[in-house]
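Starting from the known structure of chain A, arrange chain B on it as the hints suggest.
Just so you know, the sequences run in chain order A and B.
For the first sequence, the working numbering assigns the number 1110 to the initial residue and increments by one for each residue that follows.
For the second sequence, the working numbering assigns the number 21 to the initial residue and increments by one for each residue that follows.
Hints were generated in silico from the structure; no laboratory data involved.
Glycine is no exception: its CB is placed at the ideal position from the N, C-alpha and C atoms.
Heads up, some of the hints might be wrong.
Listed next, with one range per pair, are the computed distances between beta-carbon atoms [unchecked claim]: (1) Ala285(B) <-> Asp1130(A): 54 to 62 Å; (2) Pro193(B) <-> Val1198(A): 56 to 64 Å; (3) Glu91(B) <-> Asp1128(A): 43 to 51 Å; (4) Val1199(A) <-> Arg393(B): 23 to 31 Å; (5) Asp1128(A) <-> Lys400(B): 21 to 29 Å; (6) Ser1209(A) <-> Arg114(B): 28 to 36 Å.
Some chain A residues near chain B, calculated using beta-carbon distances under 7 Å [what the hints assert, rightly or not]: (7) Asp1159; (8) Pro1170; (9) Lys1189; (10) Leu1215; (11) Pro1217; (12) Cys1218.
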Amino acid sequence: MIPACRLADLPRGEAFRLDIDPPVSVFHTDDGEVFAIDDTCTHQDASLADGWLEGCEVECPLHASKFDLRTGAVDSPPAKLPVRTHEVVVEDGMIYVRVSADAPNLPPCIASRLAGGPA
Amino acid sequence: MRTVAVVGASLAGLSAARSLREQGYDGRLVLIGDEVHRPYDRPPLSKEFLAGTLGEAELGLETDGEDLRAEWLLGTRATGLDRTDRSVRLADGRDVRADGVVIATGAAARTLPGADGITGVHTLRTLDDARALRDELARGGRLVVIGGGFIGAEVASTAYALGLDVTVIEAAPTPLAGPLGETMGAVVSGLHTDHGVRLLCGVGVKGLSGEDRVEAVLLDDGRSVPADIVVVGVGARPCVEWLAGSGVDLDNGVKCGADGRTSLAGVVAVGDCANWYDPRVGAHRRVEHWTGALERPAAAVATLLAGGAVEPGVPRPPYFWSDQYGVKIQFAGYAGGADSVTVEEGAVGDRNVLAVYRRAGEPVAVLGMNQPRLFVRLRKQLSAVPGAR
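Extracted from the complex, chain A is given alone in its bound form:
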C-alpha cells in the first residue's frame, strides 16, 4: 500500500495526485467518500485530478470525458476505455492506495512513449 495524504488535508471536492508511474489520483467526494483511479485520462494526456468533481463522477479538464469514480466506467465520451480503479484504505487518518494489478488504459500517446515509440 502506498501512503497518499492525510484525510484531513484533502477537503471534500478536491483531489490529490500521487506521483507514481502511472500517476494515481485520490478524490474526496462531497459525500465524504474517497476513491482512487488512474490520474491520466484514457482519451488523451490530461490529469483527472485537474478535472471537475461532481458526485461520484470526474470530468476531464480537456475534452469533458466523464468517469465513474466507483467503477472507472466511461459515463460520457470521447473516452472509450474505462480508467483503472484502486483500492483505498484509510487508517489512523491516513489515506493509502493499493495499486491495482490490472493493466492501465493509458491514452495512445503515453502508451507509445512507454513502449519506446516516438514521444
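Relative to chain A, chain B alone:
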C-alpha cells in the same frame, strides 16, 4: 416516427444517432456519410496524427462492440432533400424516405482560387487530406501555411516539431483576433515567433508560383516566400448546397432555433453546418467546435422526437481547445462581446496564463494556456450564468 435519416457521419451525426437510441427511438435509423470512413475524430488530424504519434485505428469514434442498429450508407453524398415526403436524395440515385431528418453535413475547407491542380498545396479537413499532408511533411522542406487560425497554427506547430522550416502568413494584423480578441490573439500567436517560426501578418496572398509543383507563395506587397509545401488554412464553409430549394432556411449554414429546429417540421440540424440561435448573445452563431458537435445533438434529437414540443434550454457556452508547441490552449465563451480582458493567473510572457474576458463586469469568456485546472473551474462558472451575454 418509423425512419430517421442522419445525413453526415462524423461526430455530430454519430452523436445524434447515439442520442436517438439513448432517448428511446427504436425505429429504422439510416446514417449517410460522403466519406467512406466510419466516424473518426478530426482534432488529432492536425496534431498527433499528422506528427505520426497516433495511428488511424485510434481515430475511430465508435467504441468496441458499439451497435446503434443503424444502416450505414457511407461513401455516398446527399444531393437533395424533398420537403413533401422528407426524402433524402443520394448521389448514387437512391432515395431515403424518412419521418425525421438530422442534418449534420459539416463544413468543408475553403480553398485558394487558382490553387487547384498544383502539387504540394493542401487543405486539412478529412482523414484523406491528413494522410496526404503527413506523407509530404515526412519528406521535410519549407512549409508555408496560409492562414494563422487554429488549423494553420496547429499544422505549423506540428511541422516545426518535425523539423521543417515553417512560415505562417496571416492577412489580418493579428492572428486569432476573431476568436480570442486582439490582445490574447497576439499572445497565443506569439508561440510561433517564440519557436523561430516566421509569422507574416497584415499581408494578403496574391497567388502561388510553380508549374506542376508549388515553388513559392506570392504576397500582395510583392514579396515571394519560397515553399516546398503549402497548407491553406483559411476557414471552412458549411456544406449546405444540397439543401438549396428544399425549404430549409439557409443563412450562414442551416438557420436553427436554440434547440436545433429548422424551418421544416421533422428536420433538425447539428454540428458545423448548423447556425443555432444562442439566447446568451441574442443572435445566431454557427459554432464549428468539436464540443458543440458532441453535446448539441442530444437537444436537437429531443426536439425531433417531441415534434418540437420541448422548451429549448440554454446551450453551454462554446468551448474549444488547441495544442500548439506543447502548450494546451483552452477557450470558452465569446470574446467578441468583452470590454476587458484580465490576466488572473500566470503571465503572458510565460505562455502560462488564465485570462477572463468581461463585459460590464460579468465574465463572458475565459482563456487558458497550460491552466487546465483553473480553466475548468472558470468554464463551469461561465456556464452557470444563464443571462451571460
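Structure-based check of each hint:
1. Ala285(B) <-> Asp1130(A): 54 to 62 Å: Distance hint for Ala285(B), Asp1130(A) holds at roughly 57 Å.
2. Pro193(B) <-> Val1198(A): 56 to 64 Å: holds (59 Å)
3. Glu91(B) <-> Asp1128(A): 43 to 51 Å: Given about 49 Å between the Cβ atoms, the range holds.
4. Val1199(A) <-> Arg393(B): 23 to 31 Å: Given a distance of about 25 Å, which is inside 23 to 31 Å, the answer is holds.
5. Asp1128(A) <-> Lys400(B): 21 to 29 Å: Holds - the Cβ-Cβ distance for Asp1128(A) and Lys400(B), about 26 Å, lies within 21 to 29 Å.
6. Ser1209(A) <-> Arg114(B): 28 to 36 Å: Violated: the Cβ-Cβ distance is about 50 Å, outside 28 to 36 Å.
7. Asp1159: holds (4 Å)
8. Pro1170: holds (4 Å)
9. Lys1189: With Cβ-Cβ at 5 Å, under 7 Å, it holds.
10. Leu1215: violated (12 Å)
11. Pro1217: Cβ of Pro1217(A) sits 5 Å from chain B, so the hint holds.
12. Cys1218: Cβ of Cys1218(A) sits 6 Å from chain B, so the hint holds.
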